[in-house]
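*Asks:* What follows is each chain in one-letter form.
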Amino acid sequence: MSPRPGHTPTPPPRRTGWHGAALAGVIALTIGLSGFFMGLRQTGRATTEQREEWAAATGGMPGPGATGDGSETAPPIVEYARLGEGSLHANRDWVNSLDKLASPAAPKAGYAFLSADEQALVRRQRASRRLYDGAPPTAPHPLDQLNPAACLECHGKPTSISGVMVPQMSHKLHANCLQCHVSSSGPTSTWRSREVALSDGNRFQGTTASGYGSRAYVGAPPVISHTTWMRQSCITCHGPGGTAAFRTSHPERQNCLQCHATDARAEQSPMFARASIGSSELPPPLPPSAQREIGSFR
Amino acid sequence: MHFDRRDFLRTSALAAATAVVSQRLGATTSTAAAEAAGPTTTPDGIRWDKAPCRFCGTGCHVRVGVRDGRVVAIQGERLAEVNKGLLCVKGYHVGGILYGRDRLTQPMLRRNGVLEPIAWSEAIEIIAQRIMARPETFAIYGSGQWTVPEGYAAQKLMKGGLSNNHIEPNARLCMASAVTGYLSVYGVDEPAGCYDDLDAADVVILWGNNPAEMHPILFSRIIDRRARGEKITIIDIGTRRTRTTEYADEYLEFQPQSDMAIANGIAHLLIANGTWDQEFVSRHCNFRGDNQPLDLNGKAITFDEYKALVAPYTPEFVEKISGVPAAKIRMLADLFGRRDVRITSLWCMGMNQHTRGTAINRLVHSVHLLSGHFGRPGDAPTSLTGQPSACGTAREVGTMCHFLPGGRLVANEAHRRESEKFWNLPEGRINPKPGHHTVLMWEKFCTPTSKGGDISTIWVQVTNPGQTLPNLHKLFRGKQGLEDKFLIVSEVYPTATTELADLVLPSAMWVEKNGIYGNSERRTQQWYRQVMPPGQARDDAWQTIAVARRLFELGHPGMKDRDGNFLFTVRDDAGKEVPAWQWEHYYDVNVDRALYEEYRQFTRMKHKDLAPYDVLAQARGLRWPVVQKEDGSWHETPFRFMEFSDPYVKPGAGIQFYHSVTKDDRALIWFCAYEPAAEAPDADYPTWLNTGRVLEHWHSGTMTMRVPQLRNAMPNAYVEMNPEDAAAAGLANGDIAIVESRRGKLELPVWINGRATPPRGTVFVPFFDERLLINEVTLGEPCPISKEPDYKKCAVRVYAKGAQPARQPGLGDRPRLVAP
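As given, the protein sequences belong to chains S and X, one line each in that order.
Under the working numbering, think of the first position of the first sequence as 35, with each following residue one higher.
Under the working numbering, think of the first position of the second sequence as 576, with each following residue one higher.
Derived from the structure by calculation, the hints contain no laboratory data.
The structure displayed is predicted, hence computed values, not measured ones.
A virtual CB, placed ideally from N, CA and C, is assigned to each residue, including glycine.
Incorrect hints may appear among the rest.
Among the chain S residues that face chain X by a calculated CB cut under 8 Å, a handful are [stated by the list, open to error]:
(1) L165
(2) G168
(3) P170
(4) T172
(5) N181
(6) G235
(7) R237
(8) T241
(9) D297
Facing chain S, according to a computed beta carbon distance under 10 Å, are these residues of chain X, among others [claimed, not checked]:
(10) G670
(11) G671
(12) L1285
In isolation and in its complexed conformation, chain S is listed as follows (with noise of 0.2 Å):
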């Protein structure tokens, strides 16, 4: 049931003279036919049955990597006729060809450092995805789906699909995905960004990168630039498969709070309101010099 709609079988060169051209012909013709209606008579299931097995299968919860291993649980295929409209679904075969990729190898020694143009354009890419630094990301792609296991499925675990890295939950599960995360083009992939007014301005200018993580010294290990609210696992943006502008250049280590601290000043947690913290000011700029010297590590 391979054929798409829409596919017509190439027909085979003509070296097997005509009579083996015209049958293979019919033969690929035939199977694409009905591999097409097939595929239309699959699923004249309605959506909610689909839903609800679904859901009685995943028990409504999410669970990372869940592939199960019923095939009765999976929810069936779209009906391919209908692929460009209604909500899509998880299924059985793209949870597993998931699994199937590669996911992105560590590099065997060190990093390659970026340019400051390369880090300044992946700098801008993400904040783009952002009103501020600390906002809750928007997505990229059009989010289809109801479940968050559908969203785990990509971003439980760091992810490449097709060379694009797939970022992971930088913070616990929280059920409700779509509550903070929303697409940044329009609801669905049935929606046809273009056509609608997307927004037409904001003035309003966040912080676009924290930017304050100190160092004592040329070569000490910098402080946390950022709250650790909402960011608990630092591995999913310094990791093999974060950013790499923001990869850490020694992912072998795997106690980073061992040697970044945090800055009290910044976490703005309730228990340290009633220590004695040192002054609010930033800490003075470093010399220009040393300044450049840290731009390529950091």
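Model the placement of chain X on the given structure of chain S, informed by the hints.
*Replies:* This is chain X only, laid out in the frame that chain S set:
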């Protein structure tokens, strides 16, 4: 009441939690805690301070990050008990609402059809002259987004100053049925429970409610418990499958309006099975039935009469009306019949925007009372609110045509005298006749004066009636062409309302001013101004006071109190009067604090005691009644009427409904008969239209549609259709459908299934999009008691643009069951 070990543990845990809160409050004078509560500055030069979120009635707190006079970042406030550091996508983006490109920054007057800039002094003069000319035909229309001091100032200007009761909030359109529900069951408004119930409930029943999108923080609070391994059963009684349904254990799809039959069906089974809580009912409840015509307090009935009235509602009968299988009705009744589970019911607009909104509110309370699922943490019927201060301002300050502050009524002489005393007014100043309720006010405004349209000027603050009124053609657009009608709008952005405005006043919003909100769980929240408003935008309360002052100067007698002083006299610490009506002096003192402290004396009659301003300023909101202990510390009350929490309950009473309608400390269990919807699908209009909201947009989208991340996530309205209905109408995704009712029609892009999945014969349209106003299609038919219109549902036909509407004779020519 049976109190098992688990109850004891839970109650102890809650008591411990309360104790912690009390300690925190008790220590508010100590420097350390004040530091924790106060603003902080991070090393990047951002100053962070607390504020409640600008959007819904959940009442989350955010931390607002300000640098160089502008909001640059937002965080969830970890000190806030409501949200504990988490926000929803709207909350995270709330800072963006201040900076839309088309922010209104100067007063504008319409001359020859065009809005032209004028000076503030001129604008104030125009309003004052309109009022002086015809004070009795002036009206104010505000909302549950008014801060408490703003609503209080408007209320005082109208009722105390102008002897005019034509003041209404848009909360009439969303909360009025919840108010009449609470009043007729408990004798006093607002829920007894609070959000802590969500941490203790075993079962949460959602009555026509989609909190995964509308109250996401509360919903996450429930489902995150499940993610932590607790067992919590979610039952979604809905008219379409929503994001909430995806997390629900049970989904009961019902025919719109038949929620009344479901509630009666549960009551019937509780009695038939003998599983009602006889001890609770005999100690704490009386029975009530409706009078004809319907009224707020009904008539006393006996238990036997009650039993006979609910007897017809067998599960099979309820199934026939509601479409919910009889087995599921039995399942609900079995749950309510169990003493070992705790059940919390939540609802919002589904039950309130209902032609029998008061009745369904009563019935859900009654099911809880009859089964004894009341009075323990986790056992609570709780209505949620849509606006940040629907409770605090519209309901508690009472900015409605029939209320005075603090739960008082204009029709009650003692209440008027007391209000006059608090306001230091001559006796008889307050008009005893209630003003026009919202729908009537706008109907009169859109009716020519010669034909009895006795409202000539409406001043709109913090709301967008041009988009949110029902039946807009009649109730808003009707103003066009009526030369002597004058519409004043205080706004922050151009809206559907400013389109018809004659005078537009630019307002300060959210953290551009001091403010106080009151959320759904009786929590009052204070914040300070953190950035300056743009251009000439100014506080709404200042606008009200400035007009009052101009009227005072023009010699309006109502602007003086008994001693001849100005109605809004504000004094500094030295007792010297501050000219707060002059903008440059408005922030010389904290006018919010002065108004709030004056209002606070109104709050004690109904035991809704509010904390002093300075105590409130230290907290992340406090739930009233906030009562002072002998040691001087202030304590909030998470659970009302319950002895373990509420200091106003008599020791030993356990539960005491101390504002009981029947004056015997008992709540009322109501019977209200199921009645069909005002308009149901028939052969000509064969489809149910449901309306509602989406996660990303808050109400009419005035603010959220100007934040790129929110707008891009949900850029315009749509009609959500069942795939089979769409196929039958020849419609595919993105096609333009016409949604037409007897009142109007609208072209909308089709989204098959869409964000939720409607059943066959039902479509859904969200109301946030000002370019696609679904309220031109909806029904204006109100609940006769609360006067709240039923926006949620009506009959429509849906067909492809260019095609002819198809009749569905199979549905029969059902008569309209309630006259329009």
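*Asks:* Could you check if G168 of chain S really has its C-beta closer than 8 Å to a C-beta on chain X?
*Replies:* holds (6 Å)
*Asks:* Let's test the interface hint: is any C-beta of chain X closer than 8 Å to that of N181 of chain S?
*Replies:* holds (6 Å)
*Asks:* Return the status of the interface hint for R237 of chain S: holds when the least beta-carbon distance to chain X is below 8 Å, violated otherwise.
*Replies:* holds (4 Å)
*Asks:* Hint check: is the beta carbon of L165 of chain S less than 8 Å from a beta carbon of chain X?
*Replies:* holds (5 Å)
*Asks:* Can D297 of chain S be said to touch chain X, with a Cβ gap under 8 Å?
*Replies:* holds (7 Å)
*Asks:* Given a cut of 8 Å on the nearest C-beta pair, is the interface hint for T172 of chain S held or broken against chain X?
*Replies:* Where the cut-off is 8 Å and the nearest Cβ of chain X is about 5 Å from T172 of chain S, the hint holds.
*Asks:* Would the stated hint for L1285 of chain X survive a check requiring a Cβ distance to chain S of less than 10 Å?
*Replies:* Since chain S brings a Cβ to about 7 Å from L1285 of chain X, closer than 10 Å, the hint holds.
*Asks:* Next item in the hint list is P170 of chain S. Is there a CB on chain X closer than 8 Å to its CB?
*Replies:* holds (5 Å)
*Asks:* Go through the hint on G235 of chain S and say holds or violated, using the shortest Cβ distance to chain X against 8 Å.
*Replies:* Holds, about 5 Å.
*Asks:* Hint validation: T241 of chain S versus chain X, beta carbon distance must be below 8 Å. Holds or violated?
*Replies:* holds (5 Å)
*Asks:* Should the interface hint for G671 of chain X be scored as holding, given a Cβ-Cβ cut-off of 10 Å against chain S?
*Replies:* G671 of chain X check passes; min Cβ-Cβ to chain S is 4 Å, inside 10 Å.
*Asks:* Interface hint check: G670 of chain X, Cβ to nearest Cβ on chain S, cutoff 10 Å. Holds or violated?
*Replies:* holds (6 Å)
The structure agrees with every numbered hint stated previously.
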